[in-house]
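S.K.: Read off the chains here:
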Amino acid sequence: MLETIWFLLWGILWAVYFMLDGFDLGLGTLMPVLAKNETERRIVYRVMGPFWDGNEVWLITAGGVTFAAFPTTYAAMFSGLYSALMLILFALIIRGVSFAFRDEVHTPGWKRFWDVCLTIGSFLPALLLGVAFANIFQGLPYDKDFVYQGTLFTLLNPYGIAGGVLFVLLFLVHGSLWLAVKSEGELQARAGKMVSKLWAALLVVAVIFLLATRRQTFLYDNYTANPVLFLIPLLAVLALIATRLFIAKAAWWKAWFASSTTIVAVTLFGVVGLYPKLLPSSLDPAFSLTIANSSSSPLTLKIMLVVALTFVPLVIAYQVWVHYLFRHKSTAEDLEEGEIY
Amino acid sequence: MDALILSRLQFAVATFFHFIFVPLTLGLSILVAIMETIYVKTGNEEYLRMAKFWGKIFIINFAVGVVTGITLEFQFGTNWARYSRYVGDIFGSILAIEATLAFFLESTFLAVWIFGWNRLSPKLHCLSIWLVAFASNLSAFWILMANAWMQHPVGYTIRNGRAELTDFLAVVTQPFGFQIYFHTISGAYILAGFVVMGISAYHLLRKQHLAFFTKSFRMGLILALIFSLAEIVQGHIHGAEVAKIQPAKLAAMESLWETQADAPQTLFLIPDVKNERNLLEFGKIPGALSLLAYHSRNATVKGLKDFPKEDRPPVLLTFIAFRVMVGLGFLFALLTLVGWFKRHQLEDSPRYLKIMLYAIPLPYVALQAGWIVTEVGRQPWIVYGLMRTKDAVSPIAASQVGVTLAAFIAVYAALGVVAFYLIAKHVRRGPEPAAAAPGLGEG
Numbered sequence: 000m001l002e003t004i005w006f007l008l009w010g011i012l013w014a015v016y017f018m019l020d021g022f023d024l025g026l027g028t029l030m031p032v033l034a035k036n037e038t039e040r041r042i043v044y045r046v047m048g049p050f051w052d053g054n055e056v057w058l059i060t061a062g063g064v065t066f067a068a069f070p071t072t073y074a075a076m077f078s079g080l081y082s083a084l085m086l087i088l089f090a091l092i093i094r095g096v097s098f099a100f101r102d103e104v105h106t107p108g109w110k111r112f113w114d115v116c117l118t119i120g121s122f123l124p125a126l127l128l129g130v131a132f133a134n135i136f137q138g139l140p141y142d143k144d145f146v147y148q149g150t151l152f153t154l155l156n157p158y159g160i161a162g163g164v165l166f167v168l169l170f171l172v173h174g175s176l177w178l179a180v181k182s183e184g185e186l187q188a189r190a191g192k193m194v195s196k197l198w199a200a201l202l203v204v205a206v207i208f209l210l211a212t213r214r215q216t217f218l219y220d221n222y223t224a225n226p227v228l229f230l231i232p233l234l235a236v237l238a239l240i241a242t243r244l245f246i247a248k249a250a251w252w253k254a255w256f257a258s259s260t261t262i263v264a265v266t267l268f269g270v271v272g273l274y275p276k277l278l279p280s281s282l283d284p285a286f287s288l289t290i291a292n293s294s295s296s297p298l299t300l301k302i303m304l305v306v307a308l309t310f311v312p313l314v315i316a317y318q319v320w321v322h323y324l325f326r327h328k329s330t331a332e333d334l335e336e337g338e339i340y
Numbered sequence: 000m001d002a003l004i005l006s007r008l009q010f011a012v013a014t015f016f017h018f019i020f021v022p023l024t025l026g027l028s029i030l031v032a033i034m035e036t037i038y039v040k041t042g043n044e045e046y047l048r049m050a051k052f053w054g055k056i057f058i059i060n061f062a063v064g065v066v067t068g069i070t071l072e073f074q075f076g077t078n079w080a081r082y083s084r085y086v087g088d089i090f091g092s093i094l095a096i097e098a099t100l101a102f103f104l105e106s107t108f109l110a111v112w113i114f115g116w117n118r119l120s121p122k123l124h125c126l127s128i129w130l131v132a133f134a135s136n137l138s139a140f141w142i143l144m145a146n147a148w149m150q151h152p153v154g155y156t157i158r159n160g161r162a163e164l165t166d167f168l169a170v171v172t173q174p175f176g177f178q179i180y181f182h183t184i185s186g187a188y189i190l191a192g193f194v195v196m197g198i199s200a201y202h203l204l205r206k207q208h209l210a211f212f213t214k215s216f217r218m219g220l221i222l223a224l225i226f227s228l229a230e231i232v233q234g235h236i237h238g239a240e241v242a243k244i245q246p247a248k249l250a251a252m253e254s255l256w257e258t259q260a261d262a263p264q265t266l267f268l269i270p271d272v273k274n275e276r277n278l279l280e281f282g283k284i285p286g287a288l289s290l291l292a293y294h295s296r297n298a299t300v301k302g303l304k305d306f307p308k309e310d311r312p313p314v315l316l317t318f319i320a321f322r323v324m325v326g327l328g329f330l331f332a333l334l335t336l337v338g339w340f341k342r343h344q345l346e347d348s349p350r351y352l353k354i355m356l357y358a359i360p361l362p363y364v365a366l367q368a369g370w371i372v373t374e375v376g377r378q379p380w381i382v383y384g385l386m387r388t389k390d391a392v393s394p395i396a397a398s399q400v401g402v403t404l405a406a407f408i409a410v411y412a413a414l415g416v417v418a419f420y421l422i423a424k425h426v427r428r429g430p431e432p433a434a435a436a437p438g439l440g441e442g
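Protein sequences, first through last, are from chains A and B. Per numbering that gives the first Met the number 0, the very first residue in the first sequence carries number 0; after that it's consecutive. Per numbering that gives the first Met the number 0, the very first residue in the second sequence carries number 0; after that it's consecutive.
Read the hints as simulated data drawn from the structure, not as lab findings. Zero decoy hints are in this set.
Quick list of in silico lysine-lysine cross-link-like pairs, DSSO-like style, CA-CA up to 27 Å:
{"hint": "1", "chain 1": "A", "residue 1": "K248", "chain 2": "A", "residue 2": "K35"}
{"hint": "2", "chain 1": "A", "residue 1": "K143", "chain 2": "B", "residue 2": "K389"}
{"hint": "3", "chain 1": "A", "residue 1": "K328", "chain 2": "B", "residue 2": "K51"}
{"hint": "4", "chain 1": "B", "residue 1": "K51", "chain 2": "B", "residue 2": "K40"}
{"hint": "5", "chain 1": "B", "residue 1": "K424", "chain 2": "B", "residue 2": "K214"}
{"hint": "6", "chain 1": "B", "residue 1": "K389", "chain 2": "B", "residue 2": "K301"}
{"hint": "7", "chain 1": "A", "residue 1": "K328", "chain 2": "A", "residue 2": "K248"}
{"hint": "8", "chain 1": "B", "residue 1": "K353", "chain 2": "B", "residue 2": "K214"}
{"hint": "9", "chain 1": "A", "residue 1": "K196", "chain 2": "A", "residue 2": "K248"}
{"hint": "10", "chain 1": "B", "residue 1": "K40", "chain 2": "B", "residue 2": "K122"}
{"hint": "11", "chain 1": "B", "residue 1": "K301", "chain 2": "B", "residue 2": "K283"}
{"hint": "12", "chain 1": "B", "residue 1": "K122", "chain 2": "A", "residue 2": "K328"}
{"hint": "13", "chain 1": "A", "residue 1": "K110", "chain 2": "B", "residue 2": "K424"}
{"hint": "14", "chain 1": "B", "residue 1": "K424", "chain 2": "B", "residue 2": "K51"}
{"hint": "15", "chain 1": "A", "residue 1": "K110", "chain 2": "B", "residue 2": "K51"}
Isolated chain B, as found in the complex:
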């Protein structure tokens, strides 16, 4: 294996692992902030205990998210030096802005929140977690705008043998970037909602801390419900944008080989990449793909065969990941809708609670699948239409990359095991017992 393929694997390992931990922090920080706000407003100690219980899970996730995030910033330089040199004028500045505007705020005020319980007024303390939540989501904005530029480069010109910035606002306000942002953030909120619901279900099934976890469950439910429904609508709009901006990706997502007007949406098929066709197609809805992608049955959807082979993304992976993501997306909407009607009798719905407990991994799978569609579907480009991935890698020895790839896998695996062990341990132990004050908590 050469430095290119090893670097791609290394980047995949680093980003996937990073994104196991980050999405939970995006949504959970907001839930914790809401919990603490309710406590500050009402004085109900139960919400304080909720903020602390869920806050702990946030902290463990955050710690792993931080240390694995540094890896990514380093990797652009270590493994993708040609890329960095070619697009640093634009891409590098967005990363630097992210650190300055968001990451400082997030890291500094999380420490204030953790260590400041007895040193700040409740209001100021609550403000610190809101700042953390705001900064986490702001950080995601900049990172995703940087990614959006790789998907759809705008506001630049090729000068001095590289991409140079010509329009900063075009880069940081491009509509496709907002699509990516809302899509990813919604996914992250769904994940946070499902994790909170799943963990709450664990305790509700055991009939312990009932009031505490019923409240928690409902908060997770509302978050996940809103964004599951929004994600379906937005996902559709997003898909239509992909059709316009990255037609090869859309063709791979659908495994559509022939260019056609009135293109059907096929519910089930097996791509046969070697022979450039699909096997076992059934459930064709005539015209549906044209309608979904271009809002007109007559619209022509370009098939893979009309892209030169060297410009096609890996079809099978993109196709499967897309189906998994969409399928799960609809499942999340279904599960949260069911939850909405059961919200007042959660304790009496053991089967639903059990499903929600075992559903915890699903949004993780959906988010990773979504990133596979985004990143694998962008191939063979590192910057769509502008720079190929194979031209982006550093002039380094494959052995260096191989050794560090092995080290990443080992260290990250260990880190993942430890983090999930600690979270599971914390979850099983449950919230701290309520203070002796009468009438508070459920004992």
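Isolated chain A (complex conformation):
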């Protein structure tokens, strides 16, 4: 029971991470296309500025919870996906400092350099997290000692790449919606136009991915066993359609929430399909890491549950407050405000 609760919390943490960091990873990737001049680029940075770091802590927490609740999975997953994770890590490093460093020196070359870091550093994690999760859904070559028998290129199979493209598109839509919410005028119009095109591409890839999932993975087994669970993928589909409807009405906040729902539902669709496995083995189902053979002791799970149920709501409360505090749109005038970044 405890293991199952933690499995769900584990999935929810990843889902929340994708929903939150998704918009700034997506927007960081799109910045060269959306922002046409220095003022617009600074606005793009500004609409992410107060939030991106708080969002990224959800990744730390998701990683930390994998370590705390399912240490054997954490060990097998992080050492197995070594190269992919290191690439994500380096990307997050150059991206993270670009926020702090970019406006410290006022030469175009300096700024361009950090803009490139932001874009690469946003795109790579989006892509690789998608590739990694699709491969987890599909199963990875883990042997009986939970040692990974593949390489980085094992991950780059068609289904894995489809997962990567899906994540990138989900985040691009999410990020352009965020810019549409947070900006005005031309920039907002450009984001709005962009998101319509991106949505169409996302729809195509999402359909392909859902169909391929049927062929490539066992995820649907849980759903056919408990048809009521089909509500989760149904929610994903409805939220995706709602996103489009709200985009058509230029109801940006609503579209952003619909897009958030899509990301969460897509993640949960995968996670619920995985249950009770965390890391299925493609060599032999018996070599899979599950909640039974990889979780922490009941005492640790209990303590962690108390900590999580006490403090995560608090975190959510103050992060929501921060969104309320910085609820304004960012404009050129806004950039002149006294801050010290």
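Given the coordinates of chain A, assemble chain B onto it according to the supplied hints.
M.R.: This is chain B only, laid out in the frame that chain A set:
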């Protein structure tokens, strides 16, 4: 080279680099919070300018600290999978608690502080930097408690082929953990004080922004003075705990080969590891080591020869790092004591200011040396007495580790250069000019 040695090097690079940036944030966040508090209480704009000037240095440091901190959390899984699997039940949960309790708070409210100048009342704005300071220091607490468990595992049992938690409170309140915490935090505060003093000295030597940097200098001085003195006392207590808990580490710190009662403290010696002896010993104070370690001259101190060779830490590195740390620790107390008597005539003490300017790197050296004593001195164990480092590494190819090690060195070197360039640039430019209001600032 195999995956083990490469992973150790990689972890060393990642932690050392991380800990160049973190300690300054621990102490500077508190100083900035105090500056802003004085501004809120008195309305003196100079303190606002101080909070912003020093706050900027804090932010640059924080940014590098954050991105290099993620590396460490990843590395336990990527490079030390066997370790993670064996102790994740305890160690993993402490890291997860750190993220949930401290890191969220720190990251979220730093953004509030940076972007909230015109959106919050001065009081609430000031509260946000206090939350950042609190969370930074809380974060350090959890991380150091996790480290303390690697030094002195408690509250666990071996079950299901791994270490499982039996007593959570024992893990997070173990006295040795508090020793490590106070020792590290004090070191970090000394460092922050010295950086503030050194940078202030730079401007005072140039006779610019005198009032601004005299005030700053004194704040740094008080912080560094208190903790330099406290560190000497606490360091002694800490050392005595190490003697009890990790006798092999103590023997390596002192390069003591023979087990003996009434063990002397040798002021100068050169370890000759190959022949298991010391060269050129002089300045022996009879009984002093027994007295320092066990508070009794008659106490027996176990020498390295009484530990099997495979249980001994690298002696030379541990020994040198310990001497460097202790020597610098006393120097910090001396320099800050001198500063205390010169605090009213700083401008007229150019020689002292110059020394303080060039002393900036010293606390960095001392902190890194301290970590060498802690971590190298713990070898060959990753968890003292429980798991050996060589049994902890991931089953991964050496080439993977080698490539990423090279990448870490390249990226971190570049990052370090850029960060210090930006800090130096900011420091040289000095604080923003005071607002036109008459009577404020020194023009």
